[in-house]
Amino acid sequence: MKSIINYFKEIFGAILGLLKGMKVTGYYFVHPGQIVTEQYPENRDTLKMFDRFKGEVVMPHNENNEHQCTACGICEMNCPNGSIEIISEMQVLPDGKKKKVLSKHIYHLGMCTFCNLCVKTCPSNAIIMDQTFEHAVFDRAKLTKVLNQPGSVLKKGVVE
Amino acid sequence: MAEEIIGGKLEEQEFSINMGPQHPSTHGVLRMMLKLKGETVMEVKPQLGYIHRGIEKMCEKITYQQSIHLTDRLDYLSAHILNEAVCLTVEDALGVEVPERVKYIRTIMGELNRIASHQLWWCAFGMDLGALTSFFYGLRDREKILDIFEKSCGARLLLSYNVPGGLMYDIQSDFQKDVKDFIQYFKKKLPEYDDLLTGNPIMQQRTKGVGLLTKAQAIDYGVTGPSGRGSGFSCDVRKHQPYSAYSKVNFKEILYTEGDSFARYRVRMDEMWESMSIIEQLIDNIPEGDFALKMKPVIKLPVGEYYTRVEAVRGEFGVYIVSDGNKNPLRMKFRSPNFSNLAVIDTMASGQKIADLIAIGGSMDYVIPDMDR
Numbered sequence: 001m002k003s004i005i006n007y008f009k010e011i012f013g014a015i016l017g018l019l020k021g022m023k024v025t026g027y028y029f030v031h032p033g034q035i036v037t038e039q040y041p042e043n044r045d046t047l048k049m050f051d052r053f054k055g056e057v058v059m060p061h062n063e064n065n066e067h068q069c070t071a072c073g074i075c076e077m078n079c080p081n082g083s084i085e086i087i088s089e090m091q092v093l094p095d096g097k098k099k100k101v102l103s104k105h106i107y108h109l110g111m112c113t114f115c116n117l118c119v120k121t122c123p124s125n126a127i128i129m130d131q132t133f134e135h136a137v138f139d140r141a142k143l144t145k146v147l148n149q150p151g152s153v154l155k156k157g158v159v160e
Numbered sequence: 001m002a003e004e005i006i007g008g009k010l011e012e013q014e015f016s017i018n019m020g021p022q023h024p025s026t027h028g029v030l031r032m033m034l035k036l037k038g039e040t041v042m043e044v045k046p047q048l049g050y051i052h053r054g055i056e057k058m059c060e061k062i063t064y065q066q067s068i069h070l071t072d073r074l075d076y077l078s079a080h081i082l083n084e085a086v087c088l089t090v091e092d093a094l095g096v097e098v099p100e101r102v103k104y105i106r107t108i109m110g111e112l113n114r115i116a117s118h119q120l121w122w123c124a125f126g127m128d129l130g131a132l133t134s135f136f137y138g139l140r141d142r143e144k145i146l147d148i149f150e151k152s153c154g155a156r157l158l159l160s161y162n163v164p165g166g167l168m169y170d171i172q173s174d175f176q177k178d179v180k181d182f183i184q185y186f187k188k189k190l191p192e193y194d195d196l197l198t199g200n201p202i203m204q205q206r207t208k209g210v211g212l213l214t215k216a217q218a219i220d221y222g223v224t225g226p227s228g229r230g231s232g233f234s235c236d237v238r239k240h241q242p243y244s245a246y247s248k249v250n251f252k253e254i255l256y257t258e259g260d261s262f263a264r265y266r267v268r269m270d271e272m273w274e275s276m277s278i279i280e281q282l283i284d285n286i287p288e289g290d291f292a293l294k295m296k297p298v299i300k301l302p303v304g305e306y307y308t309r310v311e312a313v314r315g316e317f318g319v320y321i322v323s324d325g326n327k328n329p330l331r332m333k334f335r336s337p338n339f340s341n342l343a344v345i346d347t348m349a350s351g352q353k354i355a356d357l358i359a360i361g362g363s364m365d366y367v368i369p370d371m372d373r
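If you're matching them up, the sequences are chains A and B in order.
Residue numbering for the first sequence follows this note's numbering, beginning at 1 and increasing consecutively.
Residue numbering for the second sequence follows this note's numbering, beginning at 1 and increasing consecutively.
I should point out that these hints are in silico values taken from the structure, not numbers from a laboratory.
Note that CB positions come from ideal geometry on N, CA and C, so glycine has one too.
Hints are not guaranteed to be accurate.
Stated by the list, open to error - Here are the simulated lysine-lysine pairs, DSS-like style, with alpha carbons at most 27 Å apart:
1. B:K144 <-> B:K208
2. B:K333 <-> A:K20
3. B:K252 <-> B:K215
4. A:K120 <-> B:K189
5. A:K20 <-> B:K189
6. B:K151 <-> A:K120
7. A:K100 <-> B:K296
8. B:K188 <-> A:K23
9. A:K120 <-> B:K294
10. B:K61 <-> B:K215
11. B:K144 <-> A:K23
12. B:K180 <-> A:K48
13. B:K61 <-> B:K45
14. B:K327 <-> A:K120
15. A:K48 <-> B:K57
16. B:K208 <-> B:K248
17. A:K156 <-> A:K99
18. B:K208 <-> B:K57
19. B:K61 <-> B:K333
20. A:K20 <-> B:K151
21. B:K177 <-> A:K48
22. B:K57 <-> A:K23
23. B:K61 <-> A:K48
24. A:K120 <-> B:K296
What the hints assert, rightly or not - Simulated restraints, written as ranges between beta carbons of each label pair:
25. B:D170 <-> A:G82: 28 to 34 Å
26. A:A136 <-> B:K239: 34 to 40 Å
27. B:K208 <-> A:F29: 52 to 58 Å
28. A:H61 <-> B:I17: 55 to 61 Å
Let's have the full structure, built from the sequences with the hints guiding it.
The structure is reproduced here in structure tokens:
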């Protein structure tokens, strides 16, 4: 007799447990406003990432096509993966002094792990993290980027 | 052969199959060689090496600041705590004391990380047992924490927010409000988890009494974290050897003595409540001050050996550095909790059914990149 009672007790308890779970799912079924879904590809125009989001490294240029990179190479040294290469050339100034001038700041996005060390250690704030995130491309070669724009020069007044 | 089957002469015999390396319930590329007799598991032999990246060796070639971002990639679900472990070791070796503000923020972020990880574990555990609903509910709440991370740290999963001597940036001005909002929100939502899964009779029958691990076995194998505490093994480093701001808060170590999968489940559910209480105690009292010490651009540790342990989400995580005075370590060894927790699976799963092995694996909360490194 006792085992029969226990048998039905177990069934009753199981149904009660299931109903409890169904109550939660049922609540959201009748309250669709509380369901949070990011309508991602549709909300592209309004989607804004947070300011600190680490998307990719970029080099900001001002309206006169001037950047702030002195080609010191600190970002290259600090990168753990070797995703930054700096190619510079020596320029002789009119007063006879030699000066290092940036010719190419090469950034391999495919090797970058977004650790932020290059941006943090840059002494002249020449590079920053951008908030872009759609990085998929069909050709891997497109992931290698030259950050300084063609024809750009060093902004006046920036010293190492 | 056919005659044997028809004639009923087929003898029962052991056979071995591979579970993984590509199997959804192993949560990564873990290969388990199973010896089965019918549906009963006789032996489990885990085979590692499918996601070995040589992180310890890579650390020998780079500086201490650079090795932070590699520890993200061990146990990626407790990235912040692992970063903290390396930072604490380096700071300990240099003999510097970080500002109080840094300690508080590190503790809050670490506990948020713990909640986020337990939420994801809850999602995946439900899914392992066939309850897909839990997956959506857990991820919904985890998203709130990831937004907080993204706002202050700039990343959602691989944070790299700690640097030796402090933090990468200061917290955002509305960090405290966001965290308090989240705590209020999650206090309402966490009982839903219990309604959905904890009280579910199918889930209870599949976990109660399954995968028994005694306290002695847990200590023998070095099973730490929630898995060890489910067996009554008091191993919380936050309690026994407080680091950062853990000495300033009141919290209790969750201990269950049953040692089965359900006990490990309950430890993690209760830990979420405890983590919330730790955050609540700290969030209003973050002291003013610097968010980082001024460190030298190239850190050179004095010659010697240094070891620090922290309580990561899955157990005790240790960092062992041997320095010869150069800018990069001579040897860097990580004591990862998952590796020790995996070793015990043979003891737990032998004699159980193959479906129970999934429940045991889920309740141990394995992260494979942490085992292989």
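Any of the earlier hints contradicted here, and which numbers? Numbers 1, 2, 4, 10, 13, 15, 16, 18, 20, 22, 23, 26, 27, in rising order.
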